[in-house]
Amino acid sequence: MDLPFPDLATRPRAEGGLVMALPKGRILKQLSPLLARAGLEPEPDFTSESSRKLRFTTNHPNLDLIRVRSFDVATFVAFGAAQIGVCGADVLMEHDFPEIYAPLDLRIGACRVSVAEPAEMVAGEDPSRWSTVTVATKYPRIAARHFAARGIQAEVVHLNGAMELAPAMGLSRLIVDLVQTGATLAANGLVETEVIAPVTSRLIVNRTALKTEPEAIGAWIARLRAALDG
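Going by the UniProt record's numbering, the sequence shown wraps up at 230, each residue one higher than the last.
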């Protein structure tokens, strides 16, 4: 039975308790209705824009939430600091943690990892003739693997944001970035030339935790699967 919120907002993980890592920002807003349908209600501060807290209690005394950057969700789960979480398929592709199992596609946060280049270069370029290419991206492993599969060595410029500026500023010929509508690319004179992979958000779990606490983690997988299908 679900209980009222505990008095303490921060508490050590109880025996048999779980921590779920969730991403900040746009995906969290899309995720909230699904969590509600699964019967998960965070403490009020969880949805507060002004709250500086990162760990939150819920209406389930054996489950806490942490709110972190999307790229960090996978790291928290892979290293066992959180046993369950939600992150994009792009993050899983980039990190490729063997410790993570992704049992559910949550069908939110739809976008894609794509290659883009300046519009004026598209007509005059022949990628089949390239041996090397400079690429600005926050996905160095995805970019390197993608171009290596085509026999091209990618010289990666690792940026955490503002990728669209890189070609115009002479940092790179191309970018590899997450694209939703393409509006930001167009506003910066870039054209999407290739989709590397479609992306949606996934439920992820730590494999060791799934073995040691199969009932608790399995119950949340079942709750979220039912919420998706309901």
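One should not assume that every hint holds.
[What the hints assert, rightly or not] Distance windows between CB atoms, simulated: (1) Thr212 - Thr134: 44 to 50 Å; (2) Glu125 - Gly25: 19 to 25 Å; (3) Ala81 - Gly25: 16 to 22 Å; (4) Arg26 - Arg207: 25 to 31 Å; (5) Glu120 - Ala81: 45 to 51 Å.
Quick caveat, the hints were computed from the structure, so don't treat them as lab data. Note that beta-carbon positions come from the ideal geometry of N, C-alpha and C, so glycine has one too.
Each hint tested on the structure:
no.: 1; hint: Thr212 - Thr134: 44 to 50 Å; result: 45 Å, holds
no.: 2; hint: Glu125 - Gly25: 19 to 25 Å; result: 34 Å, violated
no.: 3; hint: Ala81 - Gly25: 16 to 22 Å; result: 20 Å, holds
no.: 4; hint: Arg26 - Arg207: 25 to 31 Å; result: 28 Å, holds
no.: 5; hint: Glu120 - Ala81: 45 to 51 Å; result: 47 Å, holds
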